[in-house]
Amino acid sequence: NAGVTQTPKFRVLKTGQSMTLLCAQDMNHEYMYWYRQDPGMGLRLIHYSVGEGTTAKGEVPDGYNVSRLKKQNFLLGLESAAPSQTSVYFCASGSNNYGYTFGSGTRLTVV
Amino acid sequence: AQSVTQPDIHITVSEGASLELRCNYSYGATPYLFWYVQSPGQGLQLLLKYFSGDTLVQGIKGFEAEFKRSQSSFNLRKPSVHWSDAAEYFCAVDPIAAGNKLTFGGGTRVLVKP
Chain V
8 NAGVTQTPKF RVLKTGQSMT LLCAQDMNHE YMYWYRQDPG MGLRLIHYSV
58 GEGTTAKGEV PDGYNVSRLK KQNFLLGLES AAPSQTSVYF CASGSNNYGY
108 TFGSGTRLTV V
Chain S
4 AQSVTQPDIH ITVSEGASLE LRCNYSYGAT PYLFWYVQSP GQGLQLLLKY
54 FSGDTLVQGI KGFEAEFKRS QSSFNLRKPS VHWSDAAEYF CAVDPIAAGN
104 KLTFGGGTRV LVKP
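Heads up: the protein sequence lines correspond to chains V and S, in order. So the first sequence is numbered by my numbering: it starts at 8 and just counts up by one. So the second sequence is numbered by my numbering: it starts at 4 and just counts up by one.
Treat the hints loosely; a few may be bogus.
To be verified - Quick list of in silico lysine-lysine cross-link-like pairs, DSSO-like style, CA-CA up to 30 Å:
#1 V:Lys78 to S:Lys104
#2 V:Lys16 to S:Lys64
#3 S:Lys52 to V:Lys16
#4 S:Lys104 to V:Lys64
#5 V:Lys78 to V:Lys64
#6 S:Lys52 to V:Lys64
These aren't lab readings, by the way, just hints derived from the structure by calculation.
Can you make the complete structure from the sequences, with help from the hints?
So this is what it looks like as structure tokens:
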């Protein structure tokens, strides 16, 4: 049972490039989330989804888009990367009465 | 505004001493409550969670937390820390009624002195 898998684990982008981060979960969880973690700021919610085909904005959604076409996958897109998006990105999935499971993170550097 | 606060950014504790990490939240109703631990360069590991019932919750690695409704707090404790407990600890809250958005405190970094 893999849990929550994030790909890629590391990436370096040039300013203005685009990329997609993939999050996959095999626990049949309804809810999925994307967070970014920056030093001294904890984890901040970017976007989230409460079910297949639904998405919603979190605390820091600007510059990101998401899609949840399949229940098990939650994609985070950066259309035009900026240095301010250098961060560690974590995906999580969860369900009521269970809690949340996190992926191992994606370290993104935008130069 | 709804928020989760961890008042202590850093805590230094001697090995074998007790540890208490504070967490306060401001939500209208009792939310789901969690504590996670993160070692350097690693992901987040769930230590324990509170949904309902007994307000003293036991977790992994010898940790426990107590929910106090009157104080809107969910403090984490360990009676005797080990050097391997050096990490960053995050309190998190799921308000349930507000779209199941797990919100984190800013974290407390724990240093363990030999």
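Hint-by-hint comparison with the structure:
no.	hint	in the structure
1	V:Lys78 to S:Lys104	holds, 17 Å
2	V:Lys16 to S:Lys64	holds, 27 Å
3	S:Lys52 to V:Lys16	holds, 28 Å
4	S:Lys104 to V:Lys64	holds, 10 Å
5	V:Lys78 to V:Lys64	holds, 18 Å
6	S:Lys52 to V:Lys64	holds, 25 Å
Comparing the model with each numbered hint stated earlier shows that all of them hold.
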